[in-house]
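Peer 1: So the protein lines, in turn, are chains A and B. Taken in order, the first sequence gives residues 0 to 175; the numbers are from numbering that gives the first Met the number 0. Taken in order, the second sequence gives residues 0 to 333; the numbers are from numbering that gives the first Met the number 0.
Treat the hints with caution; some may be incorrect.
DMTMM-like mimics (lysine to aspartate or glutamate), calculated; alpha carbons at most 20 angstroms apart, straight line [what the hints assert, rightly or not]: (1) B/Lys282 / B/Asp259; (2) A/Lys63 / B/Glu16; (3) A/Lys140 / B/Glu23; (4) B/Lys146 / B/Glu133; (5) A/Lys140 / B/Glu43; (6) A/Lys140 / B/Glu255; (7) B/Lys306 / B/Asp80; (8) B/Lys180 / B/Asp80; (9) A/Lys91 / A/Glu104.
Sample of chain A residues with no beta-carbon within 12 angstroms of chain B, all distances over it, derived [to be verified]: (10) Val43; (11) Phe86; (12) Asn93; (13) Val111; (14) Ile122; (15) Ser131; (16) Ile137; (17) Gly146; (18) Val154; (19) Leu164; (20) Ala165; (21) Leu168; (22) Gly172; (23) Val175.
For the record, the hints were derived by calculation from the structure and aren't laboratory data. Ideal placement from N, C-alpha and C gives every residue a C-beta, glycine not left out.
Below, each chain spelled out in residue letters.
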Amino acid sequence: MELGQIFAVLGTAASNTGAGLSMGQIYAILGAATAVMLAGLGSVFGVAIAGQSAAGVVTEDPDKFGQVLLLQALPGTQGIYGMLIGFIIMNKLNIFGGMIDVSTETGLLLFVSALPIAIVGLISAIYQGKTSAAAIGIIAKRPEELGKAITFPVVVETYAVLALLASFLMVNGIPV
Amino acid sequence: MPQPSYEYGVARVRVLETRLLTRERIERMVDAQSAEEALKVLSETSYAPLVAELGSPYEYDELLSKEMNRVRDFIDEISPDPAITDLFFLKYDFHNLKVLLKNRYLSGQDDELPLAQMGTVLVEILRKGVEDPESGLLPPFMADAIKKVDQACVLRVDPQKIDTLLDNAMYDHIFKVCRKKRDGFALRYFQMQVDLLNIRSLLRAKRLGQGFDFLKEMLIPYGSLDVSFYSRAMEQPYEQLIKEMESTPYGKVVAEGVQDFLRTGTLTAFERLMDDYLLNYVKALRYNPFGIEAIVGYLLAKENEIKLIRIIMVGKINNLPTEKIRERLRDVYV
């Protein structure tokens with residue numbers, strides 16, 4: 000309710016400045032921004048956690064760079080997923096070539112569709128970063144076990160992929 | 000200075016753990032025919048550069064103290080929480096304080112004191128601090144401990160009293176830091192250490208045929224065992240003590256340690272079991288990638304390893320039989 004009021008104010012403010020944005024457009028863009036921001040932030044935390052572990056291993060054993068880099072990069076995917084959903088929404092709005100108008104309902108639907116990847120992306124990336132850091136500990140001791148080490152963070156990835164799928168199907172299914 | 004993160008520190012330790020001596024290497028050192036041959040085994044490990052610097056096997060002590068100092072610097076460098084890791088070095092400071100103060104009050108000669116280099120305070124500074132506790136060179140809790148000893152020694156010099164006062168001062172500080180930092184891991188570690196030390200005091204007091212009053216002086220507070228336990232144990236036979244400890248985590252240590260104590264009359268086995276017990280506690284927790292456990296674990300493993308090498312080298316130089324050396328070795332961390 001409060002959120003709705005804020006958007007309404009934003010909407011009027013926007014139309015007052017002459018931009019002529021409808022509420023539907025604002026909701027839709029907010030959805031795109033949320034997906035990119037939250038999933039991206041999750042990846043920032045995730046790769047930073049795993050990166051510190053990776054740096055620790057490389058300090059003592061630079062030969063393991065390739066293996067630990069792979070593990071560090073895993074929590075980076077959520078940011079890409081968020082960007083993907085954000086991009087699809089922007090594309091639907093035809094934001095790059097004279098935005099099309101959408102109804103408030105459609106805008107809200109697009110916003111809600113972005114939530115799975117935004118929220119699941121944020122949280123899963125942080126936890127995947129921690130799992131990656133632990134898996135980097137395996138590489139430190141047994142570099143030959145990369146396959147097993149990578150499995151643990153990949154299990155976390157599953158749920159980010161499911162959220163991406165949900166967001167993708169929803170965004171795709173909303174007629175504009 | 001910004002502190003490194005747990006993730007970073009633990010990852011570095013993980014790599015270094017692979018360079019700890021393996022049981023197999025230790026066995027080969029024990030089986031070596033001579034001190035030279037034992038050193039040769041060591042030169043195949045991460046000790047290689049240090050072994051290369053050695054003139055003769057008799058200088059092994061220098062090698063080990065160099066390695067220990069390296070470990071000290073390493074822990075300082077990677078510890079995300081130096082307040083906690085420093086606690087594990089305090090025993091060296093207080094060992095030095097005991098030596099310096101006993102030297103002052105009992106013998107008075109100042110040369111060739113067995114001082115450890117590993118403490119949190121440099122030995123030279125510690126020396127000056129002992130001369131003048133008001134100088135502000137030492138952390139307040141150490142200065143206060145020195146003042147307490149000075150006061151106690153005005154009337155009568157009792158080496159036992161010096162030990163007790165300093166032990167208590169050290170654990171006062173340790174538990175204060177653990178509680179302030181809310182570090183359950185370190186708190187539990189030191190609590191178990193205190194319990195086991197108190198049980199050791201108990202055995203010692205019993206052997207000397209002393210009463211509870213004598214033991215009470217030596218008991219360090221902060222343990223998990225009640226004072227009434229100790230007063231009861233002083234009156235009871237050893238078998239009862241073993242039985243009573245059975246249900247506690249220290250059951251095995253006490254049972255085996257006391258049996259050996261009764262057989263040999265020394266506490267060597269008890270002390271070895273005690274060290275192993277504490278090492279195992281840390282060992283079990285070292286897989287936490289976001290905590291201090293692995294870092295402390297590495298420090299203890301390194302201390303243990305250096306102890307092992309020292310036992311082997313002393314044995315080899317003095318031509319002790321292999322079985323005798325093996326008997327004295329502790330569990331290897333890896």
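Peer 1: Of all the hints given earlier, name the ones this structure violates by number, lowest first.
Peer 2: 1, 6, 7, 15 and 16
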